[in-house]
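Given next are the chains, with one letter for each unit.
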Amino acid sequence: MKNGFFSLAGLRRLRVMTWKELLQLFRDTALMVFFLYSFTGDIYIAASGVSMQLKNAAIATLDGDRSDASRELLSRFQPPYFRPIGELAAARDSITLLDDAGAMAVLDIPPRFQERLQRGEQVSVQLQVDTTNSVLGFLASSYGAQIVGKYGLEAAARREGLGGMAGPVLQADTRIWYNPNQNDAWFMGISELLTVVTLFAILLPAAAMVREKERGTIEQLMVTPLSAFQILFPKVIAMTLVILGGSAIALFGILGPVFHVPMRGSLLTFFLITALYVFTTAGLGLLAATVARNLAQVGMLTVVILMPMLLLSGAWTPPEAMPDWMRILAYISPLHYFLDAAYGILLKGAGMDLLWDSVLAMATLGVCVFALGMGRFGRQFG
Amino acid sequence: MNGKRIVALAWKEWREIVRDRLFFALAFIVPTMLMLLFGFGLSLDVEHLPFAVVDYDRSAASRDYTYRFISSRYFDFKGYAGDARALDSLLADNRIRMALVIPPRFDEHLARGEPAPVQVLIDGTFPMRAQTTQGYVVAINSAVSLDNMARALSAGRGIPLDEARRRVQPVKLEVRYLYNQSVKSIWSLAPKLIMLIMMLSPPFLTALGVVREKESGSIFNIYSSTVSPGEFLLGKLAPYVFISIANAMVLWALAVWLYDAPFKGDPFFFAFATLLYVICTTGIGLVISMLVQTQVAAMIVASIVSIIPAVLYSGMLLPLTSLSPGASAIAHSLPTMYYTNIVVGSFLKGVSWSALWPDVLVLAAYAGSLFGLGYLLFSKRPKS
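First to last, the sequence lines map onto chains A and B.
Numbering follows my numbering, with no gaps: position 308 of the first sequence is 308.
Numbering follows my numbering, with no gaps: position 332 of the second sequence is 332.
None of these hints come from the bench; they were simulated from the model.
Misleading hints may appear alongside valid ones.
Stated by the list, open to error - Every beta carbon over 12 Å from chain A, so not counted as near; a handful from chain B, in silico:
| id | residue |
| --- | --- |
| 1 | 89 |
| 2 | 208 |
| 3 | 212 |
| 4 | 275 |
| 5 | 381 |
What the hints assert, rightly or not - Computed spacing ranges between beta-carbons, pair by pair:
| id | chain 1 | residue 1 | chain 2 | residue 2 | range |
| --- | --- | --- | --- | --- | --- |
| 6 | A | 40 | B | 60 | 51 to 61 Å |
| 7 | A | 291 | B | 63 | 53 to 63 Å |
| 8 | A | 245 | B | 333 | 29 to 39 Å |
| 9 | B | 113 | A | 72 | 25 to 35 Å |
| 10 | A | 229 | B | 33 | 27 to 37 Å |
| 11 | B | 77 | A | 263 | 30 to 40 Å |
| 12 | B | 272 | A | 120 | 32 to 42 Å |
| 13 | B | 105 | A | 159 | 37 to 47 Å |
| 14 | A | 75 | B | 63 | 53 to 63 Å |
| 15 | B | 159 | A | 75 | 48 to 58 Å |
Claimed, not checked - In silico SDA-like links for lysine to any residue, alpha-carbon gap of 20 Å or less:
| id | chain 1 | residue 1 | chain 2 | residue 2 |
| --- | --- | --- | --- | --- |
| 16 | B | 78 | A | 324 |
| 17 | B | 78 | A | 327 |
| 18 | B | 172 | A | 324 |
What you are looking at is a predicted structure, and each value in this text was computed from that prediction instead of being measured.
The C-beta atom is built at its ideal place from N, Cα and C for all residues, glycine as well.
Input sequences plus hints: build the corresponding full structure.
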């Protein structure tokens, strides 16, 4: 093992090669500027202002009754969920308004609403909802149903003399854990950080490798005493270091001070897991690099790898809602485990006692992918 | 402008793309693959939410109540937990997203006609899902409450259950879902995917295509030739616009035939607007390629610049109405929002020129200014 990996010479080579990769990276000014932007400005934009919740949905009303009862019901559609935008003159206006996306919903109260209510009949009111966005459509109708249901129950209690709400009803005390104020910035910010980490972890090593191939400098490396591993591994170390630096900037520069994302778990664990994740994902990038001949191909291959990973891992869409065959695919995506671990550490305060299975799965994937990439590389240039 | 030179350049570029087999194949495969993946996988329907129950009461009433959740298609019962402390690690480990805690004397409270407290714990990591989950829980709880009230009233007054049910629910809400009657998320999603994918792929292709010449140095042939900057840009970009148009047609066909999304609008109007949009996104790639020197940088810039606006600021996943003023300003300054209006209008609402001409106008202005910017940035006498 004179020139082996763990010998003194091996370690020195590793250091020198890693330094070479870092220098090469830092000298691409446009790339570095954008790297910094991705870990700061981009995460800021994603986390600020964007909300997946129904807020201030414009609601127009058609009041066919104009009584105290109808006005009371209408007055209950208020912010934060709804924003009343006034009354419509005729029923056909409602369709025009919804067509132009001027309103999200129209509440239609029939004539003789109060009269029939007092007489003890059951009255229907209609809510027309724009469900072009199905999630919002569902939320709007669900809040509408809550408001009308509560109003109805109170009206019934008054009429039947049940004395307020004291009946055999359920009193649910709902607690939302980990993010009690439903602050979207926490979710969006962390999700964007993970996306950016993934993008760079695939693209940087793949591009660094193919660039050497495209320019022919790989031949120079091949005639040196370096082994295939000693050529590939420093690239991964350099990229991992840079990406960890970027994550630290994002965490301590943006997510912490600006959005007050709680960091409940151990940050050391977070960075160790991030390093493991970058290593695993870099393996995917290197695998792509052994397939591609030029950088343009690497770019397209990156999209092919990145997009399904982002989608399947549950960053945007809940894994529970996917078809079964897709959920199986999620298990071979390292991002799936990284998401669990990152949200677990930052928001839930989970430690290794809960996360060990994710870490183990990620490490196994990493070793497999890396071995595959090394094997292909060795055959191409060995 | 010399038409012959433009055609020659476009032909040269086309040959180059076609000869790089993998690149050519991926240029067509990537959009279709993304459409299939997103279409089947990007479901925003919150269903099969795993949940657990801690039942301290163990009575018929509490089992009845639990059964309401078990039989709902929105929830997926994972079993009873021993006590409330066990829920901590289940929630932290993503094993469950929601938990019900039924305190002792649940049955007793209800039998006496008193309100019975229950506790609902929801994992708030994903705010949108938490909100939807809460919506489901409230709906089930109020249905149970109404049933209980009706039963109590019917027993107390000796009236039939149906009559009692009508009395406790004097106002009924009828919801009419417009444009997407069954609230299927794929219907509203598939058209918007055209917007998303046409935002991702053209800038990528274009930026790579132009920067490739810069990095390999073959652009010096152009610099030293008689080709004018305008001719170079038109000839160079024509094949990419062509590829993207072909892709847009494939995506349209997939949306209509595979996902059965209704197309109610005017096809000519839609085709015209799509052409403008593709020119816009190609223009984004052009501007990027003028600003960077290496293909790696081009890829990174193209993906960061296009993914975020397309996913977050286009109204695809997130409602534009719930954006903060700052975010709303960002959304209005990007082309994706306008094309989303056009896609949604053409597919789901069946409106065309009369309602959407301002959006088309904005897209045209975008396409014009992006190409203008690219033209200004392109110089045959580079500084370095």
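Quick rundown of the hints versus the structure:
Listed as outside the interface, residue 89 (chain B) is inconsistent with that label: its C-beta sits roughly 6 Å from the nearest C-beta of chain A, within the 12 Å cut-off. A beta-carbon of chain A comes within 12 Å of the beta-carbon of residue 208 (chain B); the shortest separation is about 4 Å. Against chain A, the non-interface label of residue 212 (chain B) is violated: not every CB pair exceeds 12 Å, the least being about 6 Å. Consistency note on residue 275 (chain B): stated as away from chain A, and its beta-carbon is indeed over 12 Å from all of that chain's, at 23 Å minimum.
In this structure residue 381 (chain B) is separated from chain A by more than 12 Å, as the shortest Cβ-Cβ distance comes to about 20 Å. The hint said 51 to 61 Å for the Cβ distance between residue 40 (chain A) and residue 60 (chain B), and at roughly 58 Å that hint holds. At roughly 57 Å, the beta-carbon separation of residue 291 (chain A) and residue 63 (chain B) lies within the given 53 to 63 Å, and the hint holds. Look at residue 245 (chain A) against residue 333 (chain B): about 31 Å separates their beta carbons, and that is inside 29 to 39 Å.
Roughly 27 Å separates the CB atoms of residue 113 (chain B) and residue 72 (chain A), a value that falls within the hinted 25 to 35 Å. Taken as a hint, the range 27 to 37 Å holds for the pair residue 229 (chain A) and residue 33 (chain B), whose Cβ atoms sit roughly 32 Å apart. The hinted window of 30 to 40 Å between residue 77 (chain B) and residue 263 (chain A) holds, with their beta carbons roughly 34 Å apart. For the pair residue 272 (chain B) and residue 120 (chain A), the supplied restraint of 32 to 42 Å is violated, since their beta-carbon distance comes to about 58 Å.
Checking the proposed 37 to 47 Å range against residue 105 (chain B) and residue 159 (chain A) shows it is violated: the Cβ atoms sit about 30 Å from each other. Here the CB-CB span from residue 75 (chain A) to residue 63 (chain B) is close to 40 Å, at odds with the stated 53 to 63 Å. Taking 48 to 58 Å as the suggested C-beta distance range, the pair residue 159 (chain B) and residue 75 (chain A) does not conform, at roughly 32 Å. For the suggested pair residue 78 (chain B) and residue 324 (chain A), the alpha carbons sit about 17 Å apart, so the restraint of at most 20 Å is met.
Between residue 78 (chain B) and residue 327 (chain A) the alpha-carbon distance is near 18 Å, which keeps this suggested pair within the 20 Å criterion. Between residue 172 (chain B) and residue 324 (chain A) the CA atoms are separated by roughly 37 Å; this puts the pair beyond 20 Å, and the hint is violated.
The structure fails to meet hints 1, 2, 3, 12, 13, 14, 15, 18 from the earlier list, while all remaining hints are met.
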